[in-house]
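Chains as they are written, first to last, in my numbering: chain X, 85 to 352; chain V, 85 to 352.
To be clear, the hints were calculated from the coordinates, so they are not data collected in a lab. Wrong hints could be hidden among the right ones.
Any copy, or any two copies together, can satisfy a pair, since identical chains are not distinguished.
[Unchecked claim] Each computed DMTMM-like pair below joins lysine to aspartate or glutamate, with the alpha-carbon atoms no more than 25 Å apart:
| no. | residue 1 | residue 2 |
| --- | --- | --- |
| 1 | Lys143 | Glu350 |
| 2 | Lys251 | Asp237 |
| 3 | Lys297 | Glu105 |
| 4 | Lys328 | Glu132 |
| 5 | Lys328 | Glu167 |
| 6 | Lys328 | Glu166 |
| 7 | Lys170 | Asp325 |
Number of protein chains: 2
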Amino acid sequence: MDNRPIGIFDSGIGGLTVLKEISEQLPHENIIYFGDTARIPYGTKSKETVIKYAFQCIKFLLSKDVKAIVIACNTASALAYEEALKEFKVPILGVIQPGARATNSTTRNNKIGVIGTTSTINSYAYQNSIRALNKNAEVIGVACPLFVQIVEDGWEDTDVAMITAEKYLLELKEHEIDTLVLGCTHYPILRYTLSKVVGEKVSLVNPAFETAKEIKSLLKQKDLLSDKMEKPVYKYFVSDDPEKFRRIGGNIMNKNILSIEKVDIENL
Amino acid sequence: MDNRPIGIFDSGIGGLTVLKEISEQLPHENIIYFGDTARIPYGTKSKETVIKYAFQCIKFLLSKDVKAIVIACNTASALAYEEALKEFKVPILGVIQPGARATNSTTRNNKIGVIGTTSTINSYAYQNSIRALNKNAEVIGVACPLFVQIVEDGWEDTDVAMITAEKYLLELKEHEIDTLVLGCTHYPILRYTLSKVVGEKVSLVNPAFETAKEIKSLLKQKDLLSDKMEKPVYKYFVSDDPEKFRRIGGNIMNKNILSIEKVDIENL
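Start from the sequences, fold in the hints, and give me the full structure.
Dropping the structure here:
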């Protein structure tokens, strides 16, 4: 048993969708969340830079004495997960492997679409992970860089969202995919629009859900689950202005975010 | 006379449009350009963070012995220019003041629209600068956060660009503006789409052009112009992968960018 918190990080607020899943499946665990809002987004940046940023995030979480770390950001999971496993001793989980496993148990025709940031798609992390589990899978990746900003602006139900989605997803529709991986934490918020564009028969996979299931098994297996029964404590840290995070994050979490602190992540 | 280089910085590649104007109006000046590609964009970040980043950029340029500095980024000009003037002794020019002067000599009906990033518009820097010169000006600011990504994706002539522009500019059209300030270095690339939406009678003001004129007068006035007649030397520095900058920057400059170096801007 271990009552230390779980650490979660993301380039911004998107990772709160992962936190939410974890809090539902592990309701007694304390959580430390870090959002790197001063350097968001990661999805347009190089592997070298994303690894540097991810390592800084992990070191910050370790300074808060976390017992395990979840990389909630798809880009950081795609570009920095393997390197993080080599660098740090603490148990670390990314969203790619859980997402890939969920995808393979969902598809029937083995034709799979993956959407994500430019860096995530260009890394081939999802494509390779899915094919490593299923040699017959045909995986088509499409970078959708406008989606994050559309979500951040609250434009998810506009004609701009619809036309942009139609443009990005055209190739996937032509390939007659039956499964679409939402390979960025912002995309589940576009779920309705995406489903309308690809058609209701296509299953949408949200890796956040599967990641929460896997962190639970991981903690159980390593005997690291908390034995407390009281209400857990969540602490939030960001690298830019806490107020914007409080406002938008509160909407995602459907409750007020009380404890937020600003951290100088570049000079820890 | 002073043959040291002019320093220019921006959050990324957008400032190359300013460099281009300066190189046309001051063809014998050496230039050092810094693009903060590891932390782009600035336009969604807080004033405190943008000031911190701008100061780091200025310190880097000073380490290269520049004789004057141009803040090519509209967001950094809006949020950090005043503070930079107080902090540093080197002559510094932003794009807001030159843009405001050009706007006031352009408008006939004193109804002016300004478009820019969320941070630029919320800072009221353009609105206040224009009204400080012209008490009768009615200035309406609209944040257009999707435009940068649309330009970065090369989507400037698509239906997505058109519909997005129609949504953002609706209020400005209703106010019957006769002048529109392109308050972000990426926006001149959308000029055709923007002009189609607001109508050809509306004048588009590009602050980059006016900024180049003002840096020329400033250097002349302070006797800092170069007296060299040979081809000038341009050196480029970025905080993320130089190759992406080389590729996209080369398109903006219409020539190959040869000398690019990566800089660890956080730990100078």
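Exercise for review: Against the earlier hints, flag every one the structure doesn't satisfy and list their numbers going up.
Suggested key: none
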